[in-house]
Structures are given as C-alpha cells and as structure tokens.
Amino acid sequence: MANRFYYLLTFLPPIPSLGEIATVGFDEVHEQISKEGTNEAKLLLEGITLEESIKTAANERPVFAAKGNFESKSPQDFSMPDFPSSISEVLNLNSCADSAETWIESLWKAYYEHLRKVGKIIQSTLLVRWVDFETGLRSALEIARTSLQTQVVPFSPGEELTEVVKGWQRISDPMQGERFLDENRWRFIESESDRYSFDLNELTGYLLKLRLLLRYARFDKNLGRKILKEVSSL
1 MANRFYYLLT FLPPIPSLGE IATVGFDEVH EQISKEGTNE AKLLLEGITL
51 EESIKTAANE RPVFAAKGNF ESKSPQDFSM PDFPSSISEV LNLNSCADSA
101 ETWIESLWKA YYEHLRKVGK IIQSTLLVRW VDFETGLRSA LEIARTSLQT
151 QVVPFSPGEE LTEVVKGWQR ISDPMQGERF LDENRWRFIE SESDRYSFDL
201 NELTGYLLKL RLLLRYARFD KNLGRKILKE VSSL
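Taken in order, the sequence shown gives residues 1 to 234; the numbers are from our numbering.
If you are wondering where the hints come from, they were derived from the structure by calculation, not from laboratory data.
The model shown is predicted, which means the values in this text are computed figures rather than measured ones.
Using C-beta positions, here's what the derived DEER-type ranges look like:
| # | residue 1 | residue 2 | range |
| --- | --- | --- | --- |
| 1 | ASP132 | GLU89 | 19 to 29 angstroms |
| 2 | LYS109 | TYR196 | 32 to 42 angstroms |
| 3 | ASN92 | THR10 | 35 to 45 angstroms |
| 4 | GLU101 | PHE11 | 36 to 46 angstroms |
Simulated pairs of lysine-lysine, BS3-like, Cα-Cα distance not exceeding 27 angstroms:
| # | residue 1 | residue 2 |
| --- | --- | --- |
| 5 | LYS42 | LYS120 |
| 6 | LYS109 | LYS120 |
| 7 | LYS55 | LYS120 |
| 8 | LYS209 | LYS42 |
| 9 | LYS209 | LYS166 |
| 10 | LYS166 | LYS109 |
| 11 | LYS35 | LYS117 |
| 12 | LYS55 | LYS109 |
| 13 | LYS209 | LYS120 |
| 14 | LYS55 | LYS117 |
| 15 | LYS209 | LYS117 |
| 16 | LYS35 | LYS120 |
| 17 | LYS209 | LYS55 |
| 18 | LYS109 | LYS42 |
| 19 | LYS209 | LYS35 |
| 20 | LYS42 | LYS55 |
| 21 | LYS42 | LYS117 |
| 22 | LYS209 | LYS109 |
Heads up, the beta-carbon is just placed ideally off N, CA and C, and yes, glycines get one too.
Please model the entire structure based on the sequences and the hints provided.
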C-alpha cells in the first residue's frame, strides 16, 4: 500500500531547511517507529543510525591511539551484535598493519555495502540510489583532492557529480565548501522522493535529511574546522 507510512510521517515533525535546527532527534524517531513503524522502517533506521556507532568504534581503534589521539581498545571489544559481521570483520582487523587511511576506507566501504543491502532488502530505491550517489561523490572528491596536488583532473564520475565537484573546487573556504556539498546532497534526496506519497522512499528521505541536519548542527564556529577535518576523512 502506497500510503502505509501515513501515520508515522504525520506524527513526525516536519523537516526544516538545511541549516535550521531540527526539532526531533533519532531517539524520538526510534520511539515513534517502534510504535507506528513496520519492519522495513526499523531496518531502515538501524542502517542509517549505524553510522554514528561506527564512527565511535573507529575513533577508539589502536591505530588512532598510537597517535596519542584516543584511548585504545582491544579487538574483541568490537565483536558486538550491534555491528553486521562484514563491519565487525573490518573493525577487528589489525589496523596498525595498514595506514589509517586504508583502514578507514575499508570500514566505510563495508558500511555503505551494508546500507545498499538494506535498501535492496526493504526495497527502498532511494536508499540504494543514495549509496551510489554518496560513494560516487566521496570517490570523486578524493580524486579531486589528489588532483589539487598534481594539477591533473583524471576523474570522470558522471555529469551530475562532475558539476558538484567543480563547484566545490571553486570555493576557498572549507566550511562553505562542506555546506555546498550538503546542499547538493539535500537536493539529490528531494529529487528522489515525492512529498505526501507516504511511501518508503519518503520515509527514507526524511531520515537522510535528518541525518544531514543533525550533522550540520554539530558544526560549531569554534570547532568547525576540527569537525570538518573529521567529516572530510570519512
């Protein structure tokens, strides 16, 4: 039934514009989904919010502790049922054997592959498309950053992403650049979901927008550049 998420989406507060303050958090959404949602909605929320748990676990790994940034935890601390096996395997790798960048790349690749599987299982076309968009954007940005050092632009990620990356390259202020990227992420989500359809894609769009809003709310002017460095490395 196309409008099977009518009551859930009606009870949830509207999503404000990017940069405004969200009036709801994922805890409140989880509570509402537990009351009104379906198994698909629960799997969707678990997949999207898993990102924050992975960030926390990644920041506690020995590879970072060796640099004096974080406290170390032993690998068995991450063998928890909260993480899918594909992600636990990466978390339990000897991250000191490889560079931090390689290990982080493997971790986020595992996460987005898991998210893609979730999208296919619950039949959320938007979630699958979002994974393709986000991973494509991250790859294009990484190549573009390398190109800034070599003065070569050897990537061709597709017309849509190419224009996004070109626009980002023209912005000198890092915080403004991150805002520009989030605006394009926001527009992509809106283009892939119909308002008032009350279907799974609209719920997916709601949660993905909320994710962007909550992340954006953490950008404090005094800590912004430190947070941006963390966000840009993921």
